[in-house]
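Student: These two chains come separately, so use the hints to put the complex back together.
The listed protein sequences correspond, in order, to chains A and B. Counting in our numbering, the first sequence runs without a single skipped number right up to 76 at its last residue. Counting in our numbering, the second sequence runs without a single skipped number right up to 151 at its last residue.
Treat the hints loosely; a few may be bogus.
With a cut-off of at most 16 angstroms between alpha-carbon atoms, the simulated EDC-like pairs for lysine to aspartate or glutamate come out as follows [unchecked claim]:
| no. | chain 1 | residue 1 | chain 2 | residue 2 |
| --- | --- | --- | --- | --- |
| 1 | A | Lys-50 | B | Glu-68 |
| 2 | B | Lys-5 | A | Asp-42 |
| 3 | A | Lys-50 | B | Glu-61 |
| 4 | B | Lys-140 | B | Glu-68 |
| 5 | B | Lys-6 | B | Glu-59 |
| 6 | B | Lys-6 | A | Glu-20 |
| 7 | B | Lys-140 | A | Asp-42 |
Since the hints were made in silico from the structure, they are not lab data.
Take a look at the letters that make up each chain.
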Amino acid sequence: MIPLKNRIKVFRALHDLSQEALARQVGVTRQTILAIEKGRYDPSLLLAYKIARFFGVTIEDIFLYDEEESPKKLPF
Amino acid sequence: MTSMKKNTYFLIIGAIALCVLFSIIRASELHSPNLAIIIFLIGVVIAYISRGFVDDTLEDELTHQITEKAALRTLQIALVFTTATAIGMIVFSINPLPPPFEHHFPRPDRIIGNMGLTQLFLPVFLLFIYTGFRQYYAHKFGYSDSFEEQD
Numbered sequence: 001m002i003p004l005k006n007r008i009k010v011f012r013a014l015h016d017l018s019q020e021a022l023a024r025q026v027g028v029t030r031q032t033i034l035a036i037e038k039g040r041y042d043p044s045l046l047l048a049y050k051i052a053r054f055f056g057v058t059i060e061d062i063f064l065y066d067e068e069e070s071p072k073k074l075p076f
Numbered sequence: 001m002t003s004m005k006k007n008t009y010f011l012i013i014g015a016i017a018l019c020v021l022f023s024i025i026r027a028s029e030l031h032s033p034n035l036a037i038i039i040f041l042i043g044v045v046i047a048y049i050s051r052g053f054v055d056d057t058l059e060d061e062l063t064h065q066i067t068e069k070a071a072l073r074t075l076q077i078a079l080v081f082t083t084a085t086a087i088g089m090i091v092f093s094i095n096p097l098p099p100p101f102e103h104h105f106p107r108p109d110r111i112i113g114n115m116g117l118t119q120l121f122l123p124v125f126l127l128f129i130y131t132g133f134r135q136y137y138a139h140k141f142g143y144s145d146s147f148e149e150q151d
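Just chain B, same shape as in the assembly (with noise of 0.2 angstroms):
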């Protein structure tokens, strides 16, 4: 395969998001995280190979000025997101809750699971901070404008 059109590139994204979706659900059967980590990692691999293979035009100035206007937006928010966590774990770790809520957080019996759900919560709420921003640029830029003007 030499060549790939902008389309069946996103069918293969789709594609890989739904084995990755699949893999979570298997692994959690299971009981084993290793099916879901490599199916993801291979799964990167092969939307980052695939993308070398597409004739169309993906990336531009625009959607370059676009991409970086949302990804700063989304940095600073992250940041001040983050800090404001950060200064709240330490003010639970000098004076945490009072009975009957002192185990409730963090449980050490659930300690991994929690900072698991924390990694996973971050990444997802800046994916749709970073989404909101990226739409508000395109359409900005007018780059959301889907159809061509007729005379």
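Chain A extracted, bound-state conformation (with noise of 0.2 angstroms):
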């Protein structure tokens, strides 16, 4: 659907975290984080960092941007 896409719920796994665990850990909801991982939604630059910055790695170790896939044109 975007072309961004992520790896939260691997990072996730990893740390054995919870989405509102994460959630809290970055100051949004847990809906947030799951419209993220399904990649519904796009993060902010600022959330990307912080969500990466809690993990400990970079921004293009989780986010992953795939120029093959176009967005789809919603009517709205």
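Tutor: Have a look at this one:
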């Protein structure tokens, strides 16, 4: 759907973290983490930094830009 | 009280809504709107203050984006709706309805009630539109998905 893919779920599993716990650590709601994991929402640069810093990695380790996949056009 | 859970906050909002509803019923029995207006204003203040005590994250960048998009669409619809209503009112003022409907709109003896109803209708109408757009954008961004995926 959107060209930004991520590996948050993998990093969560590695750190044995729930979505709720990660959300609390980076100051967002659990639904936002879920939306990012599912690729429905692209986080802001600030949130991407917070998530990457929390896991002790770079943004590129978590977020991958897929140029091949074009965004789906919605009416609004 | 220094902190509050999100659900407690929502319970307070529900209690305030009930108080406002009963105050409107009571005020209409007493033929005095003061009680309902005062309770509504107090309720808004209590809700605003209570929000500051909530520990959990109520809003973040995704909710802001959903709110922003829903509000923009609601504003656009409100502009179209109010302009269409204004055009209709101008036409009626220039050329009133023919008999026997000439006193139907607006009735001078009910002008305040008509204004009140119009003012009440607009926010309620917009609230429904806004809620609909919020649901749409929440679904679009996956915010309405409530369950954590299990491996």
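Student: Given the hint that Lys-5(B) pairs with Asp-42(A), test it: the Cα-Cα distance must not exceed 16 angstroms.
Tutor: Roughly 28 angstroms separates the two Cα atoms, so the pair is violated.
Student: Holds or violated: are the alpha carbons of Lys-6(B) and Glu-20(A) at most 16 angstroms from each other?
Tutor: Between Lys-6(B) and Glu-20(A) the Cα gap is close to 14 angstroms, so the pair holds against 16 angstroms.
Student: Straight-line Cα separation of Lys-50(A) and Glu-68(B) no greater than 16 angstroms?
Tutor: 23 angstroms, violated
Student: Compare the distance between the alpha carbons of Lys-50(A) and Glu-61(B) with 16 angstroms, and conclude whether the hinted pair is satisfied.
Tutor: 13 angstroms, holds
Student: Between Lys-140(B) and Glu-68(B), is the straight-line Cα distance small enough, at 16 angstroms or below?
Tutor: 14 angstroms, holds
Student: Would the pair Lys-6(B) and Glu-59(B) pass a check requiring their Cα atoms to be no farther apart than 16 angstroms?
Tutor: 11 angstroms, holds
Student: Going straight from one Cα to the other, do Lys-140(B) and Asp-42(A) come out at no more than 16 angstroms?
Tutor: Holds - the C-alpha atoms of Asp-42(A) and Lys-140(B) are around 12 angstroms apart, at most 16 angstroms.
Comparing the model with each numbered hint stated earlier shows that hints 1, 2 do not hold.
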